Amino acid sequence: MAEEKKPEFWRWTETNWVNPEVEWKKAKYITVGIDVGSVSTQAVIVADGEIFAYGNMRTGSDSPNSARNGLNFALEKTGMPESRIDYCIGTGYGRVNVPMADRSITEIACHARGANFIYGPQVRTVLDVGGQDIKAIQCDDMGKVTNFLMNDKCAAGTGRGMEVFSDLLGVPIIEVGERSYEVKQEPPAVSSTCVVYAKSEATGLLRKGWTTGEVLAAYCRAMAERIYSLVERVGVTPEFAITGGMAKNRGVIGRLMPMIGLEQAKTKWDTQIAGGVGAALFGYALCQKGKGREKK
Amino acid sequence: MISAGIDCGAKTTKVVVMKDGKIVGKAKVLTGFDQNKAIMDAWDLALNNAKVSAGDVKQICGTGSGKNAVKSCFPSTRDLVNDIKAMGKGANFLFPKARTVADVGAEEGRAAKLDDKGNALDFAINEKCAAGAGAFIEAMGRALETPLEQMGLLALKSDKEIPMNAQCAIFAESEVVGLIHAKTAKQDISKSIHDAMASRIISMIRRIGVNEEVVMLGGVGYNPGFVEAMRRQLSIPKLFIPEEPEFGMAVGAAVVAAEED
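In the order they appear, the protein sequences are chains A and B. Just so we're aligned, residue 133 is where the first sequence starts under this note's numbering, counting upward by one. Just so we're aligned, residue 2 is where the second sequence starts under this note's numbering, counting upward by one.
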């Protein structure tokens with residue numbers, strides 16, 4: 133039977149990067165944070181508290197392999213042997229399945245700590261929109277969590293919900309943001325909360341003659357409203373930072389920010405690595421305190 | 002006295018014709034995109050089935066998510082009945098001893114505690130989330146590449162207990178795919194799906210309180226895997242399910258129509 137290969141619209145580019153300004157050989161402590169999320173995995177290598185390298189890739193069907201692949205991917209361009217790593221912390225949804233980790237820390241703590249680093253210590257509210265959950269976190273100037281709210285029960289407003297729509301409409305996920313602004317007039321938001329029902333609603337809208345751009349606009353607005361309802365409950369204190377993959381989706385964030393009424397903090401770093409950065413920094417702090425791995 | 006109840010639901014539209022407290026005819030059609038057409042089609046079929054003419058019907062009541070369309074088809078309809086009232090009256094008519102009723106349709110689930118006349122004393126409703134509606138099993142059937150009619154029968158063959166972590170239908174779909182990859186038997190996955198769905202409905206029923214006789218209405222009542230999961234989790238010997246459970250609300254609407262005359 134001939135089978136047509138379906139294009140995978142949800143796919144995004146996997147990246148790895150190494151910081152040419154950091155000399156790992158001179159570093160006292162090399163620590164690693166591996167954030168195994170439901171959709172993506174990031175391994176971040178930190179040399180004495182500076183980001184040295186990272187790898188960002190899709191989570192496979194089993195977490196131990198994902199952690200391993202992520203770390204290999206991060207090490208790829210560094211030329212550094214894995215044995216040089218002093219401490220490794222696992223975080224994220226699959227944190228208990230990181231075989232090389234010395235310990236694990238929740239992703240809430242890691243995202244706050246990571247946002248504090250990649251956005252700066254002025255950050256007080258961190259919104260993390262990941263593949264399968266949304267977290268709104270309040271933190272202090274050290275990146276310590278003071279309060280948080282999380283939705284991990286429902287796909288509405290999460291990256292997974294967006295993937296379902298990019299698949300339904302045949303628009304690659306990385307183009308969703310741009311395409312959602314290709315409308316003459318901003319349509320009202322999709323009214324169904326549940327992604328399953330939103331799909332039927334979108335099919336109905338297409339049938340009524342809406343363009344793909346209009347349906348995307350309506351869904352991005354619904355996502356923004358959903359995310360806003362969570363952020364609003366935890367409260368917004370400036371500066372406001374967004375981490376996770378959704379931070380890269382202009383269609384959603386561009387509609388969310390006017391609801392919040394604040395400027396979004398800016399960063400040169402990939403927003404997806406925040407959790408991994410936080411984990412690696414926690415590892416660095418442990419090493420500095422002499423609580424690292426016992427030297428053999 | 003002849004009355005009719007019209008339940009325009011998310012998936013199907015049902016019409017029940019009653020004469021002097023007895024059901025004399027009924028019909029069901031797929032709702033599709035044109036609610037008005039579905040209502041008129043079901044209406045004609047039901048009248049034919051009941052062998053009465055439109056002029057003989059003294060009172061009509063509409064209910065279901067498309068109840069406003071019923072009003073536009075039959076402007077003389079005096080009142081529309083909300084879903085809870087239609088469900089309670091329907092359950093009371095079909096099983097007079099019923100005090101707890103759950104109705105699980107394609108896109109909504111609801112449960113109510115009833116008095117001896119079928120009036121709701123308390124109720125809970127889910128119309129926002131596919132996790133507690135027929136759409137959940139339909140979506141899982143797609144992931145499992147199993148026709149909906151087979152899903153429940155498949156579940157009955159299994160005695161394994163595989164907990165489903167996800168509540169959300171979207172997340173559950175990934176979980177089902179994961180189970181398929183782990184070479185879990187289809188029947189075990191199907192049972193896990195039905196157990197998860199039943200526990201969603203039961204948590205809704207428990208919020209309003211469970212009585213000995215639980216009546217189950219709505220199209221999901223046809224699904225033997227779901228009914229068995231409900232019975233097992235409620236630890237009751239049996240659920241009271243009419244022969245054609247999805248007509249429950251239309252029956253209720255017809256009862257209300259007759260009352261109002």
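There may be inaccurate statements among the hints.
As the list claims (entries may be wrong) - Calculated lysine to any residue pairs in the SDA-like style (CA-CA distance at most 20 Å, straight line):
no., chain 1, residue 1, chain 2, residue 2
1, A, LYS285, B, ILE163
2, A, LYS340, B, LEU46
3, A, LYS138, B, ARG143
4, B, LYS184, A, LEU337
5, A, LYS285, B, ILE203
6, B, LYS12, A, SER332
7, B, LYS129, A, GLU333
8, A, LYS276, A, ALA417
9, A, LYS285, A, GLY211
10, A, LYS285, B, SER175
11, B, LYS59, B, SER77
12, B, LYS23, B, LEU46
13, A, LYS285, B, PRO164
14, A, LYS209, A, ILE240
15, B, LYS12, A, GLU333
16, A, LYS138, B, SER175
17, A, LYS380, A, LYS138
18, A, LYS138, B, ALA144
19, B, LYS129, A, ALA417
20, A, LYS316, A, TRP342
21, B, LYS129, A, LYS316
22, B, LYS114, B, ASP35
23, B, LYS98, B, ALA121
24, A, LYS160, A, GLY211
25, B, LYS187, B, THR147
Because the hints were derived from the structure by calculation, they are not lab data. Source: prediction; values computed, not measured.
Pair hint A:LYS276 and A:ALA417, alpha-carbon separation not exceeding 20 Å
Since the Cα atoms of A:LYS276 and A:ALA417 sit roughly 13 Å apart, the hinted pair holds (cutoff 20 Å).
Are B:LYS114 and B:ASP35 close enough, with their CA atoms no more than 20 Å apart?
This hinted pair is violated, its Cα atoms lying about 33 Å apart.
Given the hinted pair B:LYS129 and A:LYS316, is their alpha-carbon gap at most 20 Å?
30 Å, violated
Are the Cα atoms of A:LYS209 and A:ILE240 separated by 20 Å or less?
29 Å, violated
Pair hint B:LYS59 and B:SER77, alpha-carbon separation not exceeding 20 Å:
10 Å, holds
For the pair supplied as a hint, B:LYS187 and B:THR147, is the alpha-carbon distance within the 20 Å limit?
This hinted pair holds, its Cα atoms lying about 9 Å apart.
Is the hinted pair B:LYS129 and A:ALA417 satisfied, with a Cα-Cα distance of at most 20 Å?
Violated - the C-alpha atoms of A:ALA417 and B:LYS129 are around 45 Å apart, more than 20 Å.
Straight-line Cα separation of A:LYS160 and A:GLY211 no greater than 20 Å?
17 Å, holds
Holds or violated: A:LYS380 to A:LYS138, with C-alpha atoms at most 20 Å apart:
Distance of about 25 Å is beyond 20 Å: violated.
Hint check: A:LYS285 vs B:PRO164, CA-CA at most 20 Å. Holds or violated?
Answer holds: A:LYS285 to B:PRO164 is near 15 Å, not above 20 Å.
Given the hinted pair A:LYS285 and A:GLY211, is their Cα-Cα distance within 20 Å?
Violated - the C-alpha atoms of A:GLY211 and A:LYS285 are around 41 Å apart, more than 20 Å.
Holds or violated: A:LYS138 and B:SER175, Cα atoms, limit 20 Å.
Given that 20 Å is the threshold and the Cα spacing comes to 17 Å, the pair holds.
Checked against the numbered hints given earlier, the structure breaks hints 2, 4, 9, 14, 17, 19, 21 and 22 and satisfies all the rest.
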